[in-house]
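First to last, the sequence lines map onto chains A and B. Counted from 1, the first sequence has number 167 at position 168 by numbering that gives the first Met the number 0; the numbering is strictly sequential. Counted from 1, the second sequence has number 296 at position 297 by numbering that gives the first Met the number 0; the numbering is strictly sequential.
The hints are simulated quantities; they were obtained by calculation from the structure and are not laboratory data. There may be inaccurate statements among the hints.
[As the list claims (entries may be wrong)] Only part of the chain B face toward chain A is listed, based on derived beta-carbon distances under 10 Å:
1. Thr5
2. Phe247
3. Ala271
4. Ala290
5. Thr299
6. Ser320
7. Leu381
8. Gly392
For clarity, every value in this text was computed on a predicted model and none was experimentally measured. All residues carry an ideal CB built from backbone N, CA and C; glycine is no exception.
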Amino acid sequence: MNLELSDEQVFLRDAAKQALSRIDTIAAAREVLDGGERPDLWPTAVEAGWPGLLVGEERGGAGLGAFDAMLVMTEVGRRLAGVELLGHLPASELLDKGGFDGIADVASGAARACFVAAAPPGDLDAGWTVESRDSMARAAAPAVDGSGAVTGEAAWVVDAPGADVFVVVAAREGGEPVAVAVPAGAATVEEVVRYDATRRLGHVRFDGAAGTVLDGVGAAEITRAWDVTQALVAAEAVGAVETCLEMAVQYAKERFTFGRPIGSYQAVKHQLVEMLRRLENARSLLYYAGWAHESGPDELTVAANAARSAAGEALDHAARANISVHGGIGATWEHDAPLFFRRAQLTRRLLGGHAGATDRVAGELLRRSRERAGSAA
Amino acid sequence: MDLNDTPQQAEYRERVRAWLTEHKAEAPVLEGPGALTEEDEIIAARRAWQRKLAEGGLAGTTWPKEFGGQGLGPIEQVIVSQEISRAGVPGILDVIGVGMLGPTIIAHGTDEQKQRYLGPMLHGDEVWCQLFSEPAAGSDLAGIQTRAKQNEDGSWTISGQKVWTTNAQFASYGLLLARTDPDVPKHKGLTMFIVPMDADGVTVRGLRQITGDAEFNEVFFDDVRVGDENVVGGVGNGWGTALTTLMFERLTIGLGSDAMGYSPERFADRIAADAHASSDGEVRQRLGHVATELLAVRFTGYRMLSALQHGQIPGPEAGLSKITTVNAGIAACDLVADVVGPEALSEEGENPIAYHTSFLPGLKSAGGTEEILRNTIGERVLGLPPEPRLDKGIPFSELRAKEKEQVAK
């Protein structure tokens with residue numbers, strides 16, 4: 000049993016902390032809402048080598064695993080940094096597997112990739128589905144024809160604006176999924192900013208866009224990319240919860256009412272411990288997902304979706320509790336607490352949503368139960 | 000990241016597994032066909048089995064060799080527990096004695112006490128019980144009122160009542176926390192005693208719970224005399240001695256909800272058997288949440304094992320797993336009962352869902368109430384300031400008088 004971080008992992012995490020400390024990304028999150036310029040953090044990512052984290056070493060990447068990427072994402076989430084890794088990292092893994100010609104540029108970050116993700120079929124949604132613009136009903140993933148031309152729309156795609164290459168999950172006529180690399184020029188991206196300006200969102204349209212179907216990438220690999228995406232969202236949320244908890248604990252020690260620090264009251268203390276409880280549960284599930292990605296592929300769907308569900312709900316809770324521990328000041332524009340609340344509010348609805356991840360955990364466990372019952376019968 | 004054993008651990012596991020394979024036929028059968036039903040028979044069989052386990056080196060894994068243990072670490076202890084559970088045989092009968100009270104005597108007892116008591120405890124010849132909690136002192140354990148007064152000949156006379164005492168009905172000895180000096184602040188006037196459960200003046204009464212079973216007891220002490228040689232850890236040092244016991248208690252909890260039978264797979268099996276429920280969005284959300292929490296506890300347990308292996312002792316944060324497990328267990332039983340209907344609450348025969356539905360509300364308070372755990376974790380892990388206390392520095396006798404006065408108002 001060894002779940003301790005290796006020296007390399009500690010170094011990767013500390014370097015990420017260091018690299019992200021150079022720009023006040025939290026202040027920037029507020030300034031962008033006020034119409035300010037979004038800081039471009041991609042050069043920071045490139046300098047740190049993050050774009051190539053999940054690409055094999057022989058193709059210019061670092062050849063690391065999802066857990067290493069989660070460590071970086073946790074630091075990114077701690078500071079609400081708008082680094083476009085959620086879109087890039089799962090896409091890079093698929094491009095690497097699919098023998099994409101331009102993989103060296105993707106690994107170095109010279110070309111930024113974006114995963115136009117589709118949720119795998121589940122018990123409640125048949126077929127591969129993407130977010131729709133204004134309904135919880137999911138839309139069919141874009142279609143691909145025999146020549147590799149993609150047609151269709153995916154809404155609310157994370158990190159779409161400014162990407163150089165899209166990795167689109169598209170369905171063949173029989174419903175079988177493929178991953179298609181589509182150069183950005185062949186797609187139409189409608190940039191949208193909603194509530195949390197640190198996220199670069201776009202509705203992406205393809206009208207017979209010419210792309211390259213990635214070889215050797217089938218349903219299993221695409222499902223894995225979806226799961227990795229869930230794990231990365233989870234890691235980012237874990238980082239954001241860490242910051243919320245630190246802010247709230249600090250304030251609870253300094254703010255006095257009725258002659259004593261508010262952190263001494265059980266009503267406040269217990270809320271803070273609840274933040275910690277949810278945080279540590281989510282963190283444990285990141286380990287589970289990291290282990291599954293490396294050594295237990297059959298567990299990855301349960302692990303990654305459980306992590307997303309737990310971390311997402313931990314952030315929902317922490318963002319609200321942080322505001323309430325701060326009292327009125329926590330609900331003002333100048334305060335940082337609302338920026339984390341905005342992060343929680345938007346992200347819980349992206350990439351299948353928490354509810355989608357929770358349902359997938361249930362679906363996977365039920366499927367295994369039926370299998371066990373079937374083999375016993 | 001590695002969930003596997005080191006080569007040494009794998010070798011140890013192999014040895015434990017081989018021993019269990021060879022001896023499992025001798026283990027008492029407690030469930031299913033041919034299971035023992037009479038309590039006396041069960042206890043006798045489990046005592047004999049504990050002796051076998053001790054002789055095979057599968058009890059007291061972490062005890063020093065000189066007291067019959069193996070002198071190994073907590074990881075080996077976990078390996079033994081895992082293998083026992085894998086073999087489908089019962090573990091030792093006296094978990095409280097061997098897991099918590101023995102280590103307390105090893106840490107604080109006299110040489111004579113160690114010689115006299117540890118061997119029979121380890122071999123199941125003498126079962127022990129823990130006499131700490133009282134009707135008016137649970138979370139605030141230092142508020143106990145059981146009195147021990149020293150007689151002229153040096154012996155002690157004990158009077159009072161203890162409660163929630165597991166195994167008292169067949170225990171040979173108890174480790175009892177008593178107040179020896181009420182005129183000093185409450186943590187200071189306490190002393191730990193070894194009390195023979197067959198002494199004159201000891202009365203044990205079963206305490207029926209919501210489940211209908213009496214898994215605990217109330218124990219009454221009416222002028223029970225014990226010798227001065229029965230003091231453990233010195234007069235007035237009872238609080239420090241009790242903290243040692245509680246530290247070992249913490250080591251035994253939190254190492255996993257799976258051991259308690261709350262596995263996500265098990266609950267999923269119950270839902271999967273119902274096709275309608277399996278495709279109900281709300282049922283699936285509830286199952287997904289419960290499973291997520293229980294999976295988190297499983298991996299938190301692995302994180303704890305990994306930390307143990309790297310020489311760290313789990314702190315109070317281990318209590319978070321207890322909070323999660325109990326609440327997820329409650330939510331899971333509720334869900335299964337909603338899916339199955341009233342039949343899920345049938346108390347005829349063996350029905351784990353009805354049993355746990357009744358058992359879990361009490362477990363919320365056992366081993367530290369949820370509220371106290373949250374206080375301790377808030378203060379010791381997050382560094383939050385403690386609540387102002389009204390009992391600090393005040394002699395216990397005065398404190399009691401004040402409490403009575405306040406109630407009378």
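| said: Using the nearest Cβ pair, does alanine 290 of chain B come within less than 10 Å of chain A? | reply: holds, 5 Å
| task | Classify the hint on glycine 392 of chain B as holds or violated, based on whether any CB of chain A lies nearer than 10 Å to its CB. | result | violated, 18 Å
| query | Given threonine 5 of chain B as an interface hint, is the shortest Cβ-Cβ distance to chain A below 10 Å? | reply | holds, 8 Å
| said: Given a cut of 10 Å on the nearest C-beta pair, is the interface hint for leucine 381 of chain B held or broken against chain A? | reply: holds, 5 Å
| said: Restraint: alanine 271 of chain B near chain A, CB-CB cut 10 Å. Satisfied or not? | reply: Holds: closest Cβ of chain A sits about 3 Å from alanine 271 of chain B, inside 10 Å.
| message | Interface hint check: serine 320 of chain B, Cβ to nearest Cβ on chain A, cutoff 10 Å. Holds or violated? | response | With a minimum Cβ separation of about 9 Å from chain A (threshold 10 Å), the hint on serine 320 of chain B holds.
| said: Tell me if the interface restraint on phenylalanine 247 of chain B is satisfied: Cβ within less than 10 Å of some Cβ in chain A. | reply: Interface hint status for phenylalanine 247 of chain B: violated (21 Å vs cutoff 10 Å).
| query | Given threonine 299 of chain B as an interface hint, is the shortest Cβ-Cβ distance to chain A below 10 Å? | reply | Cβ of threonine 299 of chain B sits 4 Å from chain A, so the hint holds.
This entry does not satisfy hints 2 and 8, going by the numbered hints stated previously.
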